[in-house]
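Based on the hints, put chain A in the right spot on chain B.
Spelled out from the first residue to the last, the chains are:
Protein chains: 2
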Amino acid sequence: MKIGIIGASGAVGREMINSLEDYKLDVEELRLFASERSVGKAILFNGNPVEIELLTQERLFGLDYVLGAVSNELSKKYWPMIEMAGAVYVDNSSAFRMNDNVPLIVPEINGEDALKHNGLISNPNCSTIITMLALAPINKLSKIKDVVATTFQAVSGAGNKGIEELKDQIRALENNEEIKNEVFPKQIAYNCIAEIGSYLDNGYTTEEMKMQNEGRKILHNNDLNVSCTCVRVPVYRSHSISVRLVTEKKLDLDRVCMAVDRYPSLKLFDEDIPTPLASSNQDDVYVGRIRRDLTDENGICLFCCGDQVRRGAASNAVLIIKYLEDNKQ
Amino acid sequence: MKIGIIGASGAVGREMINSLEDYKLDVEELRLFASERSVGKAILFNGNPVEIELLTQERLFGLDYVLGAVSNELSKKYWPMIEMAGAVYVDNSSAFRMNDNVPLIVPEINGEDALKHNGLISNPNCSTIITMLALAPINKLSKIKDVVATTFQAVSGAGNKGIEELKDQIRALENNEEIKNEVFPKQIAYNCIAEIGSYLDNGYTTEEMKMQNEGRKILHNNDLNVSCTCVRVPVYRSHSISVRLVTEKKLDLDRVCMAVDRYPSLKLFDEDIPTPLASSNQDDVYVGRIRRDLTDENGICLFCCGDQVRRGAASNAVLIIKYLEDNKQ
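Taken in order, these protein sequences are the chains called B and A.
The working numbering runs 1 ahead of the 1-based position in the first sequence.
The working numbering runs 1 ahead of the 1-based position in the second sequence.
Calculated directly from the structure, the hints in this document are not laboratory data.
Careful: at least some of the hints might be erroneous.
Copies of the same chain look alike in the list, so a pair counts if it fits in one copy or across any two.
[As the list claims (entries may be wrong)] Below, simulated DSS-like cross-link-like pairs (lysine-lysine); rule was C-alpha separation at most 27 Å, straight line: (1) K187 x K168; (2) K187 x K268; (3) K168 x K268; (4) K268 x K181; (5) K162 x K42; (6) K146 x K251.
Next up, chain B with everything else stripped away, as it sits in the complex (with noise of 0.2 Å):
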């Protein structure tokens, strides 16, 4: 396979790299894209290093596959480009998550969604595949009509300068220095921030709506509501999501238990609690606190934890393309 990655030096594109690597994909040549700054600056890959280029025309002809990891103007921008070279894309902007010729894909739950693609296959937000993959079995015992969630949104989910913001907040406090903030529309240093994204006609944000608008059809379930509540705190990697839901049929929490032990890539935390700390730098999604909602009666809470860079975002991006390359006719 020939990959390329546009947004390679980000925290998201770095990571797409170190996933190729972990799933041995048998990558025969990987192209790296990114900004004029970056250009000229290698990125090891299977310890060889990659020069990153500035992405034209020609240097995407030859590739099969492109992974984006850049703004939604530029992945507007480029994708007519990666069409015309013929490769399929697949993409972590938000740009065409919503278009109905365009699948949406958390591989372990609609994988074969993905194999009626026309080129072009969205990645869903971050804190939506972590959600997502913790509801799934439940969903497939009952299907879920009703989800409250709230997150608690790490700063790397802004990238390397959310990173960057809290570190130097820190820093600023300890040597009662001002503090600065661009990233975040608050102070995120000891704090918690209660927006992310920009507000809709109905209250909630973008990013809160993907919540229920991917949802649905991730889990091809178009009776799922959810009110959702995206909350930055000041934790560096891992998203974590509080959810209650309600299903069509009471469960047994046992039953669900069962389900989410089984399922791909979660893992139950029915001793221990599930923590961002612990779920960072690896592809599970933590699940824990699993009990009955006191509020209806086939209400069930839980508590999952996962790495929005990897889980979120890069890794599922190259299990999508793990998938294609699986289930090739």
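Just chain A, lined up with the frame of chain B:
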């Protein structure tokens, strides 16, 4: 008034002294009690040093009120001594909160219950005070049936030793030293811990069940069901709570906002968002992100923050005394 404070050297005890000053209670004499470790140290009250002493039966005589900021165990031990001395005990521990003959008071909500006391009044749980203040005006418009709540609880909820543990861990990480955790069950620096209190048979923790059990008593609403998830976050001060509530009747959102805005001790955020940092070191509860729930037509979501050491503990206790004094027959 002659007032005593037991546990005067702790985080809540010290804030009780500040709060007595802030609310300008007419304190003729203040006696401060703490453990042997603190005896002899002096704390300023209205500019004058007050020496910390050991609690004895003798030194309780003559006091009108005793404010308690000690463990359940110590509270149970001292209450008979306070009763014998004839003082009114306002207890911040959870030892007596659910006793039928003990009023559980948030003065703005159910202050009148305090007038029926038998010498002992309980201060509710910190997250419960903050959440119930945010819910009280809505519960007045239409009875609240169901609440799904997820808390973001500051380390100072575990007292001064909780603050020290976060500081020590941040320092240790910077110096590549070993991380120690004694106060919290996991590393709290750059992490979230979905476990506060001890587990009950239903899978909830003692801390989580307080929101329902104490909430019912404070709001005089035995139909209130609360599914709560309590999470410790690396924030020094102020708890935040993401709340989804369902009322008996469908409420107009503008009416809800107006009721919140007009309620004592609440600050409505409709343009900006409330954060734990902004709500620290003062006594108002900040309420924002008010919007319609997407899973129940009678549902409402909101996000609230409050300083749990002040509003959620020390000031609430002082305001109970103020209520009793203002409503003396």
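Evaluated hints:
1. K187 x K168: both (14 Å within a copy, 21 Å between copies)
2. K187 x K268: Between. Shortest inter-copy distance 18 Å satisfies the 27 Å Cα cut-off; intra-copy 34 Å does not.
3. K168 x K268: Neither, since 30 Å and 31 Å both go past 27 Å.
4. K268 x K181: So K268 and K181 pass the 27 Å test across copies only (26 Å; inside, 38 Å).
5. K162 x K42: For K162 and K42, the Cα distance is within 27 Å only inside one copy (19 Å; across copies 47 Å).
6. K146 x K251: For K146 and K251, both the intra-copy (12 Å) and inter-copy (20 Å) Cα distances are at most 27 Å.
Checked against the numbered hints above, the structure violates only hint 3.
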